[in-house]
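J.: Whenever a hint applies, use it, and build me the whole structure from the sequences.
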Amino acid sequence: MSRRKPSKPTLCWPLVLKPVAGLGLALAVLAPWAPSQADSAPAYCVLRWAKRGQPLEEGPCQWSQRQGNASILFKNQRFDFPAAEEGTTFTRTNRPGNEAGPVFSRPGKYTLSVYWRRPAKESGGW
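Quick note: the sequence shown, position 40, residue 237 per the numbering used here, numbers continuous.
Think of the hints as simulated: they come from the structure by calculation, not from any bench.
Keep in mind that the hints are not guaranteed to be accurate.
Below 27 angstroms or equal to it, Euclidean Cα-Cα: the simulated BS3-like pairs (lysine-lysine) are [stated by the list, open to error]:
no. : residue 1 : residue 2
1   : LYS306    : LYS272
2   : LYS306    : LYS248
3   : LYS272    : LYS248
So the derived label-pair ranges between C-beta atoms look like this [what the hints assert, rightly or not]:
no. : residue 1 : residue 2 : range
4   : GLY250    : ALA281    : 28 to 38 angstroms
5   : LYS248    : ASN295    : 27 to 37 angstroms
6   : ALA281    : PRO252    : 11 to 21 angstroms
7   : ARG249    : ASN295    : 25 to 35 angstroms
8   : GLY250    : ALA280    : 30 to 40 angstroms
9   : ALA280    : ALA238    : 23 to 33 angstroms
10  : GLY294    : PRO257    : 25 to 35 angstroms
11  : GLY305    : PRO252    : 25 to 35 angstroms
Glycine included, each C-beta is placed from N, C-alpha and C at the ideal position.
T.: This is the structure:
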């Protein structure tokens, strides 16, 4: 009885190259797009704490937003407002006008108003 030698496995190059080529194509297509950069700008903020008796805080702040997620650096505190939480943990109101920016409220905690320019004080408050 003759014994048959096992044959060497052969590679089917089209099956090997197809995933590699697909990966290369995906990288070539996606490479030109860098991660989204945040829009960042100096602003003026007014912070009203919900707790009675706490003083109003105001001053310069740094505003940034990326893909709807807002972040404000104010008096060495960072306030983050993820777009996915809007309407559940906070509310955002976009005010019209060149000077008025958004207002963020966390019920029972605080309201943070952003101004693109420092607002002029009105009699009786802001």
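J.: Does each hint hold? Answer for all of them.
T.: We went through each hint and held it up to the structure:
{"no.": "1", "hint": "LYS306 / LYS272", "verdict": "17 angstroms, holds"}
{"no.": "2", "hint": "LYS306 / LYS248", "verdict": "7 angstroms, holds"}
{"no.": "3", "hint": "LYS272 / LYS248", "verdict": "19 angstroms, holds"}
{"no.": "4", "hint": "GLY250 / ALA281: 28 to 38 angstroms", "verdict": "33 angstroms, holds"}
{"no.": "5", "hint": "LYS248 / ASN295: 27 to 37 angstroms", "verdict": "32 angstroms, holds"}
{"no.": "6", "hint": "ALA281 / PRO252: 11 to 21 angstroms", "verdict": "32 angstroms, violated"}
{"no.": "7", "hint": "ARG249 / ASN295: 25 to 35 angstroms", "verdict": "33 angstroms, holds"}
{"no.": "8", "hint": "GLY250 / ALA280: 30 to 40 angstroms", "verdict": "33 angstroms, holds"}
{"no.": "9", "hint": "ALA280 / ALA238: 23 to 33 angstroms", "verdict": "18 angstroms, violated"}
{"no.": "10", "hint": "GLY294 / PRO257: 25 to 35 angstroms", "verdict": "19 angstroms, violated"}
{"no.": "11", "hint": "GLY305 / PRO252: 25 to 35 angstroms", "verdict": "18 angstroms, violated"}
When each numbered hint is compared with the structure, violations occur for hints 6, 9, 10, 11.
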